[in-house]
Amino acid sequence: MKILAFAEQRDNKFKKTAFEIVTAAKQLAESSGSEVVSVVIGDGVKAIVASLGHYGAARVIAVEDPKLSQYSTTAYAAIVSDVAKKEGADVVLFPATAMGKDLAPRVAVKLNAGLAADCTALRWENSELLATRPVYAGKALTDVRMSSKCKVFTLRPNVFTAIGGSGGAAVVEEYAAHIGDGEYSTRVKEIAQSSGKLDVAEADIIVSGGRGLKGPEHFKLIEELAAVLGAAVGASRAVVDAGWRPHDEQVGQTGKTVSPSLYIAVGISGAIQHLAGMSSSKYIVAINKDKDAPIFQVADYGIVGDAFEIVPALTQEARKLLGK
Amino acid sequence: MKIVVCVNHVPDSETKVKVGPDGKSIDRTGVNFIINPYDEFAVEEALRLKEKHGGDVTSISLGGDSHKETLRKTLAMGVDKAVLIKDETPRDTFSVARALADHAKELQADVILFGKQSIDSDDGAVGPMVAEMLGIPSVTTVVKLEIEDGAVLAEREIEGGHEHVETRLPVVVTAQKGLNDPRYPSLKGIMAAKSKPIEERQPTPAANKVEVVAMHKPDAKSAGKIIGTDATAVPELLRLLHEEAKIL
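Chains as they are written, first to last, in numbering that gives the first Met the number 0: chain A, 0 to 323; chain B, 0 to 247.
So here's chain B without its partners, still in its complex pose:
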């Protein structure tokens, strides 16, 4: 089974976001970058598929040299081969998907895994866009995946339940938290990853359709009233919710 997993390199979730000097993106000073948390579930699932069905796993990331750190992590987890599509130009989801799809097509993957969204731009669009560009099915926000003889059964999270989706290979799957517990790279894996090469590729030129005009911070919420310190504050809380907030 030919398995591809696409990963992104993003500010960690503890980051305090500041708007950068261009007014359109974040100030990256002092920001700690990590593998996108949802992509870890995708990498783990890719490795499990390989363990069950054989084949190999290639990780792909689109971005600058810093993305090698995340690719190196996927190698340490057990991915066979990593590819950096080297590109520092800002891209919208369409343009990212185009570059990834063009490369994934060459690899003739049976399964292409993504995290369900990147926790930076929160689009959740690149996975299904790649599938559409390749003309293959997609299943998003997946929490359970079974593949047998080319038949795919995936459970995806929806509001208040799960959808059981049937489809066939080749397929794009986007991983939701709960799909698995990602492994920690072993020491052996970390050592081996150091000697595995990261192939560099040139991207399809960006042709963005969406442009960020401005980035700003949301209006800061100001701290409200402390109503009390025990259960005697409850009637006042309900009164405020009823009369001031007009909710209950």
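So that you can see chain A by itself, here it is in the shape it has in the complex:
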């Protein structure tokens, strides 16, 4: 039995999910006597790949080419499926990130494999691999199994804990990608960064604002608190639809489903589609004037009061506590 873990890097730095994926693979492997092989694609990745051994990869297959420095859906999909075939992988794991979600469906088709997307748990049950995946933005969970020989999963970021120190440096092997120009039919020409902005899907702490903030100009309160906490700024659908905030900040059923360690909801009443997207956060803080707001039903800690008074105080006190 062989498990292939796709470790995502950008600019030759691993994303946190890379370590989460390899750890998850290692845990599956331990209970089934399997081998964990990781695949890393890019240009100049060989220098960074050995570190995956600490998380449990026995071998890392580095696929390098100057043309692979930028992501290409078609080329990356061809390479991962070639490696999976060569290795005879039974399970292929991807992160449920923009890249992993883009790649996994194409790889699944190439491998004639079933796909379970955005999984939050994987486990063996009677030597069968079961995955748990949220549906309806987390309003329900499903347990799924697969009948295909090869099985592909994407794993939700921030859910599987990365545990280092379980092994030594991985054996690094180079793999020459024999793919023609036709496989580069999609190419990333450039990446426009939103000036170092932390994304809600990746953040460990999120500070979200809603209509209770009364106007887009008051979001600076949210931004200041987020800056002190090293958090991402999130938003409710109401304020995104009103044009106060960009849609990439929207949390909820038609936005992003998030599971940070801490979610601070400010002036958000907690419509069902918002709660669906954030109630799997480990800790939830709600600040809202309305004591009957549904958000308090899911909050671990609540302050029923005026956000315009509480949030600046919280920013100030947190700054002191964190020595910033």
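Rather than coming from a laboratory, the hints here were simulated on the basis of the structure.
We put the beta carbon where it would ideally sit given N, CA and C, even for glycine.
One or more hints might be untrue.
As the list claims (entries may be wrong) - Between beta-carbon pairs, the in silico distance windows are:
id, chain 1, residue 1, chain 2, residue 2, range
1, A, 32, B, 19, 34 to 44 Å
2, B, 242, A, 15, 35 to 45 Å
3, A, 12, B, 245, 39 to 49 Å
4, B, 243, A, 179, 33 to 43 Å
5, B, 134, A, 32, 32 to 42 Å
6, B, 193, A, 192, 42 to 52 Å
Dock chain B against the given chain A, drawing on the hints supplied.
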């Protein structure tokens, strides 16, 4: 330009999900179904492409007769022709993609649009699977799309930024919120849609690889502590986050 847009018919986002009697899917009693919100962006983009480049737009949905309501909505928005691939059997993403790909292939589409995911099963997989089955490129979670002389430039949302992706027709594109503002059907459009036929087709038989074993509700979070009613509660909140939650 031959444009195809694939649409799904899903419970609206206000739905309170209950597990149905089979223990594997939701209880559909009293649930209001709508066009999948992301598919509205896909339909709008399809119509804009037609307005710019000419050609025609076909909408396709896979499902039971109830999906005609969503197809009718696409016709009212301005889609030329609607096709229902009639099928009530449960399908995994692979199997849905197979049925759609087989039909889209016949249509020889230049552009096939999808919403970036259905808000029911949240897979986000069918679009790129169809592309792979047809052997054509795909760009997912797109917020900007330009097509000129067969060259495609698409901006897709990634963590903390946008990727500018270059590719060529034919292509599969999945739409993210922000791509456009979907139009409301005009009264004229609604009237015209009533007389447009919805073609029915038989699907490729389902061959599922993924099976739902059980559906359950997540553990309900219980309401926690209300710490206070003004800024004087802030030190206690920070203490709890620091000592009890061990986060800060």
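Going down the list of hints, with the structure as the test:
1. A:32 - B:19: 34 to 44 Å: 38 Å, holds
2. B:242 - A:15: 35 to 45 Å: The hinted range 35 to 45 Å is violated for residue 242 of chain B and residue 15 of chain A, with Cβ atoms some 26 Å apart.
3. A:12 - B:245: 39 to 49 Å: With Cβ atoms ~27 Å apart, the hint is violated.
4. B:243 - A:179: 33 to 43 Å: Given about 58 Å between the Cβ atoms, the range is violated.
5. B:134 - A:32: 32 to 42 Å: 38 Å, holds
6. B:193 - A:192: 42 to 52 Å: This hint holds: roughly 48 Å between Cβ atoms.
In summary, the structure is inconsistent with hints 2, 3, 4 from the numbered list given earlier, while agreeing with the others.
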